[in-house]
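Here the structure of chain Z is known, so what remains is to put chain Y in place on it, guided by the hints.
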Amino acid sequence: MTTLEKVRTLILKLKKKNITEADLKPEALLVENLRLDSLDFTELLVLAEEAFAISIPQEAAKEMTTIASAAAYLDKRTAK
Amino acid sequence: MLEEMFQIVAVGKNNAHHVGAVFRTLYGEDFPVKDVYQPDVLWREIQAEKLTAALALTAEGHPAGYISFFKSAPNFRLWEAGNMLVDPAYAQSDVALELARYYFDPTMCRLTDSDGIFSEAVCCHYFTQVSAIKSGFADCALELDQLDGASFKDGKSNKAGMARVSCVLNFLELSDPVESVYFPDRYNEYLRRLAAPLRPRTFLASTAALPVAGDTVREDKYYDFAKTWKVAVRSIGGDWTTVVEKLLAEAVRRQVVSLQVVLNTACPAIGEATELLRRNGFFFGGLAPRWFGTDGVLMQQLFGGEPDYEETKLYSPTAKELMAFIREDRETGR
Chain Z
0 MTTLEKVRTL
10 ILKLKKKNIT
20 EADLKPEALL
30 VENLRLDSLD
40 FTELLVLAEE
50 AFAISIPQEA
60 AKEMTTIASA
70 AAYLDKRTAK
Chain Y
0 MLEEMFQIVA
10 VGKNNAHHVG
20 AVFRTLYGED
30 FPVKDVYQPD
40 VLWREIQAEK
50 LTAALALTAE
60 GHPAGYISFF
70 KSAPNFRLWE
80 AGNMLVDPAY
90 AQSDVALELA
100 RYYFDPTMCR
110 LTDSDGIFSE
120 AVCCHYFTQV
130 SAIKSGFADC
140 ALELDQLDGA
150 SFKDGKSNKA
160 GMARVSCVLN
170 FLELSDPVES
180 VYFPDRYNEY
190 LRRLAAPLRP
200 RTFLASTAAL
210 PVAGDTVRED
220 KYYDFAKTWK
230 VAVRSIGGDW
240 TTVVEKLLAE
250 AVRRQVVSLQ
260 VVLNTACPAI
270 GEATELLRRN
280 GFFFGGLAPR
290 WFGTDGVLMQ
300 QLFGGEPDYE
310 ETKLYSPTAK
320 ELMAFIREDR
330 ETGR
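Note that the protein sequences, when read in sequence, are chains Z and Y.
Position 27, counted from 1, in the first sequence is what numbering that gives the first Met the number 0 calls 26; the numbers after and before it change by one each time, with no gaps.
Position 128, counted from 1, in the second sequence is what numbering that gives the first Met the number 0 calls 127; the numbers after and before it change by one each time, with no gaps.
Just so you know, these hints were derived from the structure itself, not from any lab.
Here the structure is a predicted model, which is why all the values come from computation and not from measurement.
Be careful, since some hints might not be right.
[What the hints assert, rightly or not] Subject to a maximum C-alpha distance of 25 Å in a straight line, what follows is the list of computed SDA-like cross-link-like pairs (lysine to any residue): (1) K15/Z x Q6/Y; (2) K61/Z x E309/Y; (3) K12/Z x K133/Y; (4) K155/Y x R76/Z; (5) K5/Z x K61/Z; (6) K158/Y x T1/Z; (7) K152/Y x L13/Z; (8) K5/Z x A159/Y; (9) K14/Z x F151/Y; (10) K61/Z x K155/Y; (11) K155/Y x T65/Z; (12) K12/Z x Q6/Y; (13) K16/Z x E79/Y; (14) K15/Z x P87/Y.
[Unchecked claim] One side only, chain Y facing chain Z, incomplete, derived with CB under 7 Å: (15) A90; (16) Q91; (17) A95; (18) H124; (19) Y125; (20) F126; (21) V129; (22) K152; (23) V211.
Note that beta-carbon positions come from the ideal geometry of N, C-alpha and C, so glycine has one too.
Just chain Y, same shape as in the assembly:
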């Protein structure tokens, strides 16, 4: 790599305008998350402790790259590491490595007082997956066809030109889980394997029937630009069957490609709830550690074509095994 000195500095009120400059080098004004172009919005998010971000500056003070951590899971004690970007002019320097070192080291980015950090590493190249694994993160889930391949503008990071790009959800746990977790019987053994690299937790068998009363409590995030809909189910109610039917109908109406449902393992009926999802075309995705404070189990459904399994780049043995398990689960559920 071309060696050049970069300084990694926290984004604050005085340099937040550089963030938009980094994104313009690659996306012009088209990056779908418009906050990055608005220094005032970024600064407000930082003050509200919903965002922490850093810039890589050259010796001359020119912004060469950006990284951020933000709150996207229902558990506000989780940080997502995301939106890492390098100005193409510095693609052959080691700025990406410098950023990754910061990105995956919670002591450097001062995020140690949290339940954990996760990232959704794209599978059209290896960089983020390798950085995460070599920094002690554990691969926990595989979100098939989560992103629109056309959104990768640099011509390099989606070299194969995949129509959709899958992501590996990896996780670094930073606090001890307190509550016991219920795992669906069907996936119990595999979920325990995924949880093995994490801190110790108590597992219980999910044998409860679906509740007959109460409303399902959920939080939705719909990403229209990616046609991806993420639903976090905090508690399962007596209306679960109806909730699933409506979700599917709405997903078709919205022309969703990837529908992801994360179920809270605090729910004793998670096993039955998972079976109902499976009867409705969902298949396994993996473990979403500490998603609600307690862990989540990811179930997913695709409404587009078949994922491009051949071009999907997976680094860790865990990720490769997970892909095989998911494919089998999807096939047998059809």
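Isolated chain Z (complex conformation):
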């Protein structure tokens, strides 16, 4: 599974009642399109920390504007 697919799975798990897989395009904006707030971002961080076995600062939310940018951030972190 690619990082992008993993991020989509995590967001689907997080927002399961409010979105469908069709909403999860790479360019989907996490705040404006998928309606993530600060509590959702923190849960996404927790899920991503578990899935990728890394520690992620809460400020990383600022770099994760879209599904694609979230995947790119995680790729960058896991490549180190």
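Using the frame of chain Z, we list chain Y on its own:
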């Protein structure tokens, strides 16, 4: 997150009226701690150094969030970080992060001259737990079913609709403990593990028998709106058995859901006192660092239904292990 500039400013006489405005965005007039709606009361508390608080203001000066530190433990050199609130209109901004950065950094909120800061992070979401852990706080205790789930009004922070919400007590120690602490034999090893991330302290074995004379000295805080009763036992007297019996009878009369008893580790008989609590249905809660100046040991009892363990969100490995330990202690004590 939507990036927007916020200024974090201390609450003072001239802006205390904004605090009520933030709470009204979520609770209307229903927030149970009525002080937040009364600027004069807030200002008096601040002047008396019982409260220090801050507002997040937008570039236009509109209040978007609030945080506070207050004195709720018997040790007045401890601050509790609590009542962090964000106007729902700014829930998708990074104001919560800005507030959390202030909240968990004692140099920013100028609380360094204290024994420590603790928070009771709710377990219906991860935000406060994550902020605390990433700021160097240590998870020390788990207060099961402490809050009424219905009190979460925003529809987001208690997404699972839990009837009761547990809290993780986390702690940042800011001074060196002076006195030795007695730990109950039953929980000695586990308490030492919980204390490991804190500053060094000297542990003694609690082998003393319960005192035969003297009165138990305690301080009570009863939160009727949450049906939670917190009892801090500063010293254990010869009346301990009677005190426990009366506590239980009164808890039933008040229809308490969560009864929490914190015992002072300065008491050499804490081991026997803990065993007596356990024989009366109490189970382990964790360590309450510096609660009395010396540490406290939390014992708790629930009078409602079973906690919703599946929906309880715990972030740190320590908190997850603590939950498992507490469940086992509760089961074996029944």
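(request) Find the hints from earlier in the document that the structure breaks and name them by number, from lowest to highest. (result) 1, 2, 4, 6, 12, 13, 22, 23
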